[in-house]
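Here the structure of chain A is known, so what remains is to put chain B in place on it, guided by the hints.
Going down the list, the protein sequences come from chains A and B.
As numbered in my numbering, residues 970 to 1057 make up the first sequence, in order.
As numbered in my numbering, residues -8 to 725 make up the second sequence, in order.
Just so you know, these hints were derived from the structure itself, not from any lab.
One or more of the hints may lead you astray.
[What the hints assert, rightly or not] Derived contacts from chain A toward chain B, CB cut-off under 7 Å, selection only: (1) Phe995; (2) Leu1018; (3) Thr1048.
Just so it is clear, the structure is predicted and the values come from calculations on it, not from any experiment.
No residue lacks a Cβ here, since even glycine has one placed at the ideal position from N, Cα and C.
If you want the building blocks of each chain, they are given just below.
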Amino acid sequence: MADLVLESNCGIAQAEALSTQLEELFQKSAAATIDGSAVMRVDTAVLQLFASFFAAMEQTGVTVSWKDPSEVLCQSANTLGLKELLKL
Amino acid sequence: MSIDLSQFHQVFFEESYEGLDVMESALLNLQPDSVDPETINEIFRAAHSIKGGSGTFGFNDVASFTHVVETLLDEIRGGVRNITSETVDLFLRSVDCIRRMIQQHDAGEPCDIPEAQELKASFEAMLAGGSSAPAEETAEDDKSVSEESSTPARKGWKIYFKPELDVLRTGNDPLRMFRELESLGSLRVTADTSALPLISAIDPEACYLAWTLELDADVPQSDVDEVFEWVVDESDLKITPLALDGGSTEQGEPSTSGSTPTEEPSDDTTRLTEGLTAADSEQQSAENPNSQPAESATATEQTAELKPAEAKPAVAKPAAAASKTEKAKTEVSSIRVGIDKVDDLINMVGELVITQSMLGELGLDFTIESLPKLLEGIEQLSQNTRELQESVMRIRMLPISFTFSRFPRLVHDLSRTMGKKIELKLSGEQTELDKTVMEKIGDPLVHLVRNSLDHGIETPEDRIKAGKPETGTITLNAFHQSGNIVIQIIDDGAGLNKARILEKAKQNGLVSEGDMLTDDQINDLIFRPGFSTADQISDISGRGVGMDVVRRNINELNGSVEVESTEGEGSVFTIRLPLTLAILDGQLIRVGNHTYILPLISIVESIQSFQGMLHRVVGGCDLLRLRDEYVPIIQLASIFNIESDAKDMDDGLLVVVEGDNMKVAILIDDLEAQQQVVIKSLEENYKKVDGVSGATILGDGTVSLILDIAGLIKLAGVQRYEYKSVSGGDDYAA
Chain A
970 MADLVLESNC
980 GIAQAEALST
990 QLEELFQKSA
1000 AATIDGSAVM
1010 RVDTAVLQLF
1020 ASFFAAMEQT
1030 GVTVSWKDPS
1040 EVLCQSANTL
1050 GLKELLKL
Chain B
-8 MSIDLSQFHQ
2 VFFEESYEGL
12 DVMESALLNL
22 QPDSVDPETI
32 NEIFRAAHSI
42 KGGSGTFGFN
52 DVASFTHVVE
62 TLLDEIRGGV
72 RNITSETVDL
82 FLRSVDCIRR
92 MIQQHDAGEP
102 CDIPEAQELK
112 ASFEAMLAGG
122 SSAPAEETAE
132 DDKSVSEESS
142 TPARKGWKIY
152 FKPELDVLRT
162 GNDPLRMFRE
172 LESLGSLRVT
182 ADTSALPLIS
192 AIDPEACYLA
202 WTLELDADVP
212 QSDVDEVFEW
222 VVDESDLKIT
232 PLALDGGSTE
242 QGEPSTSGST
252 PTEEPSDDTT
262 RLTEGLTAAD
272 SEQQSAENPN
282 SQPAESATAT
292 EQTAELKPAE
302 AKPAVAKPAA
312 AASKTEKAKT
322 EVSSIRVGID
332 KVDDLINMVG
342 ELVITQSMLG
352 ELGLDFTIES
362 LPKLLEGIEQ
372 LSQNTRELQE
382 SVMRIRMLPI
392 SFTFSRFPRL
402 VHDLSRTMGK
412 KIELKLSGEQ
422 TELDKTVMEK
432 IGDPLVHLVR
442 NSLDHGIETP
452 EDRIKAGKPE
462 TGTITLNAFH
472 QSGNIVIQII
482 DDGAGLNKAR
492 ILEKAKQNGL
502 VSEGDMLTDD
512 QINDLIFRPG
522 FSTADQISDI
532 SGRGVGMDVV
542 RRNINELNGS
552 VEVESTEGEG
562 SVFTIRLPLT
572 LAILDGQLIR
582 VGNHTYILPL
592 ISIVESIQSF
602 QGMLHRVVGG
612 CDLLRLRDEY
622 VPIIQLASIF
632 NIESDAKDMD
642 DGLLVVVEGD
652 NMKVAILIDD
662 LEAQQQVVIK
672 SLEENYKKVD
682 GVSGATILGD
692 GTVSLILDIA
702 GLIKLAGVQR
712 YEYKSVSGGD
722 DYAA
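Next up, chain B with everything else stripped away, as it sits in the complex:
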């Protein structure tokens, strides 16, 4: 029986992504001046897991690449090598590279990343004692150097291996490892039985033996390391190159696993030839997943009775091929959930079953006297359902740190590129948000942070001139407010230059000469599409570049974005989002025989009596003069071509709502209940309908459409700024 390892690939990919995030985050926290050993250990552990997993599943390119990263880390944590900012950058690039390799495997595509070879060569050059400035060297140069360094002068390795007592219990069998070594070349094994107890005192599952092995094989050390990769942390392992005379080397200290031999071959030609041979061997190894050790206890049992050549898992290659076809069929997204959330869910389901059982018994012998009990049961059912819904929703909730975690790297890289000094502060990282919303908010957030970094924060020189500290600060803050999540991007940069924004808007025809805009309205201009196509960042602060897309993306999530800014002091971008896209707090409204749902979050107020506040406009929307602004009126009956009860506008009711950053008043017949509704996608179940964001099924079984305010505004042909420039008179008409 063989195990189809491809079933575990997705878990491996997800764990690897998490491991890479850990590596990246820890690397960004590394201070070369004062290295915290635990940080190095954290990075090492993540790299080690990725290497082990990728080797097990046959992703040999990842295993081989990660191996050199791990080796360098091992030297750093062993105090053999100091860490520099150059090394950190190299590690960060390697994290990117591993991530791309895994992404390609994850997508079932052939892994082809040219940078991987170059980076690997750089690592190997560093390990060989070269400089940590790989950029100047060509990939070919690096490759030859690295290959020389990873090949012993005499073709073989001496290995001292003393596993810990528990090694056999964990399914790691030295016999199988040695068979792997035998498959690489000629192996001489000497067992040290000095610690072996008498048969009467022995623990049959403990390992008391130690071994010295001499492997005559023209293979790089990485091949030997791979054999021991799962036990390296649980054993005393020393791997040294065999000396030229065929005996063990006497030069230098034996290296621990993962380190590279330091002895210099005497002849350049030999070195090059051996390097190339080693490269071939390594490539063969990489191409042949069978050279990877199977590590599970089950795999050990399955293969132990076979000869060495047969004893290797043959499942890796077919598994990889199968993975590709399966990938094409289904794109599986998964979520890691805390066990407490699952426990809550199980408790709730238990409660529900009890209630259902109670109602079932009641139904068997129902009399009118049982009515109070039935009502009580229904009330209990309602309570259970609500709690179950909340528990289910909690499962989809993840801390926003998943999204925030990408920003330290972004800020680190961009600030270096732009020669700025920027400190990133994160707060509210544990604030939870629905996974779907989180996935979609990532890109808009990146855009806003980039803008703050690029156009908000000044250069150190400018900041000093302005009397500010030379290091600017960008703060990402998340918190819950009124059933929504609020994310703020705050910078202490130059702020928006309102005069220049206004001037630019006038040039582009977005604002008329006589318009009197408030500060907020001026700031809001940066989200206009016209701004992104103009002179871009040359004249204005550049905040407008792509901001229309940011707002559109956020609006699509039923959210909003706004900006507050003080010149010279900085800006605050505030994003408000619903906690989930699956359930909506809705206000039911009625127009004729139809019931629609307005998102509660978008409602500003409702006005029943608005006589004297109406202004009729020829050829445009009617307007409601609401205090100091004119609000366009949208008649749902006319837009959806349905019959309304109200014969005259005054008979209806106006609900003032906000969407797409403007207010409109929707004329309806009546307001009904407020309730949470489960959103069903119209696009998936029917087709996209303008002005409607989704649908739901009401208690009476009828389908009700959920209105999309931004879409309605578009359908009604309302222009955003024509009605906002109130300057005292009635010059509101378009």
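The shape of chain A in the complex, shown without the other chains:
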């Protein structure tokens, strides 16, 4: 079971709630898994959140991994130049 399961729609409207969830994960300082298999739509706001989250986790030396990231998620991260940082 992943620590965070993303919904199909990950747009800016969901960013506030997602931000809270990611911050909670960050506060735990434990390795985390994100299930991105259902993501059908994602935008810059959400990918930027993940970028911040992944950077913060990396700084603290905690591992974050993806579980079945969807094609949309991977392509979008690539298009925004965040593929490496997000490990997608």
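This is chain B only, laid out in the frame that chain A set:
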């Protein structure tokens, strides 16, 4: 779900027309010697909005054309380029061109303006560093030059993009923009995350990222600009051509969005080939509205989950097609109204509802004791209705500046063509007038201003000889007077040459040799149809050309036009118009059992006892000798073939009215009340009736006809000048 963008087309067209007016007006105010930066900004903003809107709605030809205009403006406001009178002229021509393009789209017609290509090429040539004298170059030459200039030597662009923090909140998603770029060619993206806060400090809706993008694509810069066109003002954006070695260019400074690369390709053949390829690409882009970015947040959400190729709005083309068919069905005219006017209206309706509720309650349990309260309620209802009517009428009122705004350009262009120096002064631009009247007065006004410009104001040389300043002045003045609007066209030109007008009128048989006309009567001759068909402007001042049409058009609006002139000093044309064509201040008159309405504005006086003033004329109209003039008498009963109460003319009452610039006396049985009447068109509801301009419904439910004085004069067969040449004797008979 897709949005039918065609529903917003009309708003776009109207806003574009307004934007073009702003551009034109600001351009005319530009002084190349001392350019006001805010004026340039104003023009730029208007062009930018038109470009953005036309791109969004799929009018790619307009977007593409406006883009080059905007780019040049951007260079001027950035201080890269100076503005000259040549540039101003080019911008003015481009405003005309954009206006025509939008008009064609507005009419649902295919947009085909050959001048657009030529002008666009001229702009592109200027942007490429060429001269600002496009007239000498052919369109083909310009095109090749422009295409060369808009194509990078190495096929691609390097883009630095750092949006402002709020960019995501405004619905502009960089992800979607980059997908657009991906659809143009191969894209390499490097994100700069250095400004990104920690997850605990981040604002989830702010944008902290910046990007460097390298686009390998053989596309003109305009295609790249289009992707960023909605965020160009809210971001740090630099677009530079990729260098020949595949890396980013090191030559020169990166250009900001909209600027054109300045580097020169080394090989002419390559340049030409690339230019043509770029042109093809651009054309494809223009033909394919799908290449336009969708800009609304909603559109972003709808398309974000799709692949780049699918993520483009597919609604533009069907929308354009739908627009054409819808256009054919209904011609919608709209009006922009200040919110204060709408608020007034809502308040009035609120008052009306309260009164209606009060009367309703009164009616439920009505006793005779409640009568005073009922009367009070009816009085209140009457007051509410009057105020509501006034509020509704205010909605249709627009400042006459809407009409006046076309004249600076007209004067600018015509004075140049004719080699005259003319200053145009506008006053009373905020005077309000009904939209319908305003639309119809435009053409007559243009005619009068052209005449003042053409025949009134002298050449600089002639003015200096006459001891006048070499710059002539034309003043357009509008003001309200006695419930009407008065518009004056005043010039300080040569004035009317009365002797020559009279001579010409005699030659044409409009005036007899023995006629003694007053100055006003001589001036009035220029409105006679005979003058416009004669030698035109060769002998007389030329004021007569088409003036009969001007007067006819103004008369059709229930208005009048007259001229005062002093030789050597100038002329004043005065137009009087009703404020609205929907409501009329009327005088009810009775003839037998029929009630007619005379426009109050046309009534000069009424005469009850006129014994000794009547002159019977065999074979013509009877005349009333009114002080120093003879006024033809029109008998309504005889014209409309109805029974009159008056058995003899002396039993009736004469109302002296003015119409078609002459006085007539109308014989009636009685004068009744004066009231405002709502005009109903007879032509729309029945058919055109001579001598009648419309109808209304009176308080008792009967239909009453509104008399058309000019039409009555025509029906009665009264000739204008046969009776005006009073010279002491009784030689008035025709």
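Hints and how they fare:
no., hint, result
1, Phe995, "holds (5 Å)"
2, Leu1018, "holds (6 Å)"
3, Thr1048, "holds (5 Å)"
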